[in-house]
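So the sequences go chain by chain: A and B. Everything in the first sequence is counted per our numbering, starting at 1 for the first residue and increasing by one. Everything in the second sequence is counted per our numbering, starting at 318 for the first residue and increasing by one.
These are calculated hints, taken from the structure and not from any lab test. Please read all numbers here as calculations on a predicted model, not as lab measurements. Any given hint might turn out to be false.
As the list claims (entries may be wrong) - Sample of chain A residues lacking proximity to chain B, with all beta carbon distances greater than 12 Å (derived): (1) Q5; (2) T11; (3) F31; (4) G57; (5) P59; (6) T63; (7) F65; (8) G66; (9) T72; (10) S77; (11) V136; (12) P189; (13) A191; (14) L220; (15) A290; (16) R316.
Stated by the list, open to error - Distance condition first, Cα-Cα at most 20 Å in a straight line; then the derived SDA-like pairs of lysine to any residue: (17) K589(B) - R32(A); (18) K589(B) - L50(A); (19) K21(A) - K589(B).
We put the beta carbon where it would ideally sit given N, CA and C, even for glycine.
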Amino acid sequence: MALGQVLDPRTAARVESEIFKRNSDIRGGIFRLLLQIALLVTLLTLAVLLVDVVRDGWPVLSTRFGDFINGTLRSQSKDPLLGISQGLKGSLWIALIVAVLAFPIGIGSAIYLEEYAPKNRLTSFIELNIRNLAGVPSVVYGLLGLGLLVGPAARFTGGRSVLSAGLTMSCLVLPIVIITASEAIRAVPDALREAGYGVGATKWEVVRDNVLPYAAPGVLTGTLLSLSRALGEAAPLILVGAVQGRLGGQQGWFDPVALREKFTGLPIIIFNWVQDGGRDPGFVSASAAAIIVLLAVVLLLNSAAILLRNYFENKRG
Amino acid sequence: MTVPTAVARILPGILATAAIVTLTISVVLLPWAALPNGASGGLTSNLPWLFGGADFAENTRGRFSNGYLFLALAALMVVPAALLLRGRRLGRGWIMVFGAIAIIFALLTRSRFLDQFAISELPLSAGSGFAGVIIAGALACAAGLAAGWMPRSASTGGPVTLEALAGDKDRLGRERSISGVLAFAAMCSVFIAAAIVFVLVREAWVFASQVEWTRVWDIGWFPRRGFYDLPTLVFSTLVVTGIAMIVAVPLGLGVAIYLSEYASPRLRAVAKPVVEILAGIPTVVLGFFALLWLSPQFVQRFSEANQGNLTAAGLGVGIVIIPLIASVAEDALASVPRALREAAAGLGSRKATTTLQVVLPAASSGIVAAMIIAVSRAFGETMVVFMAGGAADTAVRTFNPLDGSLTMTAAMASLAGGTDSVVGEALTQQSLYFVGLLLFVITLGLNVIANRIVQRTREKY
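With the hints as extra help, turn the sequences into a complete structure.
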């Protein structure tokens, strides 16, 4: 035995047992167990949340799904016409406005900052500003909408309208779009750009033909995530003045005149029904059913984004 | 970039926008435009300013209506469309001409447009200007990007001349206008930040200069009766944030360390997306969960509290920030160089020792940044505390986490939600902005610190 020749027998035995002993690291084991418990509790929270919501809301969805989707806001939870169509419509319009306004500006900004901007103080100020905007609480964006779009711009936006809400939401998600798109563009290997310049392409042609196709999945991930954020946010809508009671005088689904009308959104309906649940418990299950609809949309967008990102990360190694 | 150059760069972009918008509308909607007034159903009734109007008829002594003008315009626009489709280049001059035609058309139909949207005059105010810049930015950017994709004929063949070596003028012009449009888009975010500060400071200044300051430090938050006790809001915000951090720091850090140091790649591939899904759950859903499940199951079981209380709200906010801490801390752990771990293992330290005494200290600044970001998020979280915090629109000053109270954000939400129905004291509306400014300054400060730390760690490794 090699150890025995160098060390005295007692030390050799000790060293040998330290090396070959099993389960000796009890404290390490406990630490590992604690970490596992943390992960388990986190995952369990998500599971309990989903089970709780589905248990509360499923009876409504399974018995009267069509009526619930087509119904409107009512004062009694037993009303057979109770439903979420107005909220769906409001959220749909908001998502549409966000897609039209925030996506072009966000992607354009990201291209500018990553490809065009000179390295100077103005650029680093813009970048710092975007990072800070991403951390501004959503309720402050609501104040922006209330103070600037609802009041002074009432002649343009129609006051507490879906247009004000959509503009506010666009400002809210813009930093997210810019940051995710910037990351995607930054990840494009320089060799691709140099190859483009090498064959005589201009800057924009390199961006268009080499950079953007490579960065597209990452950019798409960012847009999906920001869309789901815009659909789920409730606080700015409350401040901009989404209707929290009954809502009358509705236009068709795609009538642009509705842009300047009063509105409500799916998250607002959920919030509202939770509050009404105090006097009429039937609203709690209606609210849970609305949550199931909202979660279905939001989680679909999120998991599409996550899967897309993972797929392309793996593909490119 | 000087101002005139900036204008010279942006102007072609704006004109191109107008031209492309008109071009698209005219090509897509040509069939409807040709129909006489009233006969085309939906579009005529929806967009009379564009299709049905008689403005132009008045100007041309009843001979034409907008529809005919539109038809002529559309016919004109067919020329550049055909050129573009055949891959011919369209110089800046052409774009300017069509942009100018589009703008003249917009001016001709202006009064009809204003009637349609019940606008008595052109809406010029700070808010409209803001909305206008955002919308113009989006349109210019979309148009700029779209124009960038239009096919161009490359100049090929022929002898090499000085002109050929100087480059294709159209191509270079396009480069300039696109970079101008993109710079304009990037400035939009600066503009939004400026607008936020402007709105908050303007109204908060009114509040600060007119309020009786003794009422800002009094029994509680009764804004409609003129009592604006800021300590009430700040204390309950701190209570909620504290509870949230107590819950979320161990869990979030545990998840981050486990996923980064211990988990097998397979487990990681499953667990990480699930944690991200938790991050994507709308806060209004967590408010529902905190009020209707966490509160009865945890808080009310062990105490006499009402259903809505600050502890339940804190637990809910904790769930909001767990994924945030987990992801930022995991990034920090992942950026610790592998060599440090290998060196520790080479010296014979165990896995737990390596993690606790080598990796965690190396990542400590990133982890601190994660906590700061989480505190800032917890401060700004609105829906969970508003739904589960247990106070509707007023609150007495309290330090007891089992009471219901209003945090800064919840106070803002309740004030804004009620402004329609209840008319409060003169400064009620302004107090909203004052609290908002306070919240904005606090979260901005925290974020600036956290960003700086993250930036510095990124440079270190």
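Each hint tested on the structure:
1. Q5: Given that every Cβ of chain B is farther than 12 Å from that of Q5(A), nearest at about 21 Å, it holds.
2. T11: 16 Å, holds
3. F31: Answer for F31(A): violated, closest chain B Cβ roughly 5 Å.
4. G57: With a cut-off of 12 Å, G57(A) comes too close to chain B, as the shortest Cβ separation is near 10 Å.
5. P59: 15 Å, holds
6. T63: 21 Å, holds
7. F65: 20 Å, holds
8. G66: Holds, since 23 Å exceeds 12 Å.
9. T72: 19 Å, holds
10. S77: Answer for S77(A): holds, closest chain B Cβ roughly 15 Å.
11. V136: 7 Å, violated
12. P189: 20 Å, holds
13. A191: A191(A) is indeed farther than 12 Å from all Cβ atoms of chain B, at 22 Å.
14. L220: 15 Å, holds
15. A290: 10 Å, violated
16. R316: Since the minimum Cβ distance to chain B is about 16 Å, R316(A) lies beyond 12 Å and the statement holds.
17. K589(B) - R32(A): Between K589(B) and R32(A) the Cα gap is close to 18 Å, so the pair holds against 20 Å.
18. K589(B) - L50(A): Measuring from Cα to Cα gives roughly 18 Å; hence the hint holds.
19. K21(A) - K589(B): 34 Å, violated
The structure does not agree with the numbered hints 3, 4, 11, 15 and 19 stated previously, though it agrees with the rest.
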